[in-house]
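Listed in order, the protein sequences are those of chains B and S.
For the first sequence, counting from 1, position 54 maps to 66 in my numbering; every step adds exactly one.
For the second sequence, counting from 1, position 99 maps to 107 in my numbering; every step adds exactly one.
For the record, the hints were derived by calculation from the structure and aren't laboratory data.
Cβ coordinates follow ideal geometry from the N, Cα and C atoms, glycine included.
Check the hints yourself; a few may be wrong.
The following label-pair restraints were derived from C-beta to C-beta distances [stated by the list, open to error]:
#1 S:LEU54 x B:LYS21: 34 to 44 Å
#2 B:PRO20 x S:LYS77: 19 to 29 Å
#3 S:THR117 x B:THR32: 39 to 49 Å
#4 S:ALA61 x B:ILE107: 13 to 23 Å
Rough simulated footprint, nothing fancy, chain B against chain S, three-plus residues with beta-carbon under 8 Å [said to hold, decoys possible]:
#5 38-50
#6 111-118
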Amino acid sequence: DGGITQSPKYLFRKEGQNVTLSCEQNLNHDAMYWYRQDPGQGLRLIYYSQIVNDFQKGDIAEGYSVSREKKESFPLTVTSAQKNPTAFYLCASSINGRGGKTDTQYFGPGTRLTVL
Amino acid sequence: AQSVTQLDSHVSVSEGTPVLLRCNYSSSYSPSLFWYVQHPNKGLQLLLKYTSAATLVKGINGFEAEFKKSETSFHLTKPSAHMSDAAEYFCVVSTWELTGGGNKLTFGTGTQLKVEL
Numbered sequence: 013d014g015g016i017t018q019s020p021k022y023l024f025r026k027e028g029q030n031v032t033l034s035c036e037q038n039l040n041h042d043a044m045y046w047y048r049q050d051p052g053q054g055l056r057l058i059y060y061s062q063i064v065n066d067f068q069k070g071d072i073a074e075g076y077s078v079s080r081e082k083k084e085s086f087p088l089t090v091t092s093a094q095k096n097p098t099a100f101y102l103c104a105s106s107i108n109g110r111g112g113k114t115d116t117q118y119f120g121p122g123t124r125l126t127v128l
Numbered sequence: 009a010q011s012v013t014q015l016d017s018h019v020s021v022s023e024g025t026p027v028l029l030r031c032n033y034s035s036s037y038s039p040s041l042f043w044y045v046q047h048p049n050k051g052l053q054l055l056l057k058y059t060s061a062a063t064l065v066k067g068i069n070g071f072e073a074e075f076k077k078s079e080t081s082f083h084l085t086k087p088s089a090h091m092s093d094a095a096e097y098f099c100v101v102s103t104w105e106l107t108g109g110g111n112k113l114t115f116g117t118g119t120q121l122k123v124e125l
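Isolated chain S, as found in the complex (with noise of 0.2 Å):
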C-alpha cells in the first residue's frame, strides 16, 4: 500500500521570495510521483511527473521537484513566487496496483500556498 503526507496544510510567502512545498511517501514498490495545482473551484493541473529518470524533475511555470529515495520525499520548489502561485497543489504517488492492472494515485491532503505583496 502507498500514502503521502504533506507536511504543511498552509504555507504563506511574499512575492519573489522561494517557495518550498514538502512531500513525503510511503509505498511497497518503486512509485511514479506528481504534483498537480488546483485554483479555486477549478480542476488539478499536472505541473510535474517523475517517471525513475533523473532524480530532479523540472515542471510548468517555473517549478521543479528532487526525488529522494533515501529521505522518501519528493519536495516541489519555485526560486520566486509570483501572485499568480497562489492555489493548492497536491503531491501523489501512482502504483501499479488497480484491479485489471491501472495504476492507483493516491492524494496528499493538499498544501494550500498564499502569496503576499
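Next up, chain B with everything else stripped away, as it sits in the complex (with noise of 0.2 Å):
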C-alpha cells in the first residue's frame, strides 16, 4: 500500500524542547516537502528536498532543520528557537521537484505538534 506516512500523530513538546517529526514515503518519489499549517491560514513552504543529500530553505525556515539521507524519509526537527511551533505540519511529495509546475504534491496525514 503506497503512500506517505507521518508519526507521530499528536506530539505535545515542553518549552526549550527540540522534537523531530517524521516523514517517510514509498512512493519513490524524488522531491519531498515540509508545510506548516495555522488555523484560518494556507499552508506555507518551510523545506524542500528535490533528491537525496540536497535541500533547499523555503517561506519560513527559521527555527527548524531538515536532512534528507534517504530517498524515502525526511524528517524535519523543530528547534527551540523557533518561537511559535504550535502548528499543524504537513509533509508532501512529489515524483520530480524539476518536473515542472504540473509535478503534483501529495501529502502525508499530518502531525500536530502543541508547546505546552
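Put the complex together from the two separate chains, hints included.
As C-alpha cells, then:
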C-alpha cells in the first residue's frame, strides 16, 4: 500500500525542547516538502528537498532543520529557536521536484504539535 | 510572484443542492492550478488539477473546475452536495519558481464547506 506516513499523529513538547517529526514515503518520489498549517491560513513552505543529500529553505525556515539521507525519508526538527511552534505540520512528496509546474504534490496525514 | 484568493471563508449548502467555491489567482507566468480537500485533522487530498490542457477539469467525487484566463478564476463546482463533502477546500497555484527549478505552491486560505440536511 503506497503512500506517505507521518508520525506521531499528536506530539506535545515543553518549551525549550527540540522535537523531530517523521515523514516516510514509499512512492519512489524524488522530491519531498514540509509545510506548516495554522488556523485560517493556507499552508506555508518550511523546507523542501528535490534529491537525496540536498535541501533548500522555504518561506519560513527559521527555527527548523531537516535532513535527507535517504530517498524515502525527510525528517523535520523543530528547534527551541522556533518562536511559535504550535501548529499542524504536513509532509508532501512529488515524483520529480524539477518536473515542472504540473508536478503534483501528495500529502501525508499530518502531525499536530503542541508546545506546553 | 503569485497569489490566490478564495473569496469565501465559509460556504453552507443543503444536501442535494449545487456547490460553488470561488477562487481567483494572480500569477506572472502561466500557472498550473489545483484544488485540494482536507477533512478535519487529516492531510490534503487532490481533487483535480489544471495544466493548460482542457479548461474544464473533472476531478474526483463529482467535482469539476473551469479555468477562465480572462477572469483569472478557477472556481470549483459540484452539481449535488453530499454530507461527506463537508470539509475545507484549498485552491492552489503552482509556478516554476523554487531554487533549483522546482515548482512552488501558493495556497489560498481555504473555504470551509458545510452541508446541511
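What are the numbers of the hints that this structure violates, sorted from low to high? When the structure is compared with the hints, numbers 1, 2 and 3 turn out to be violated.
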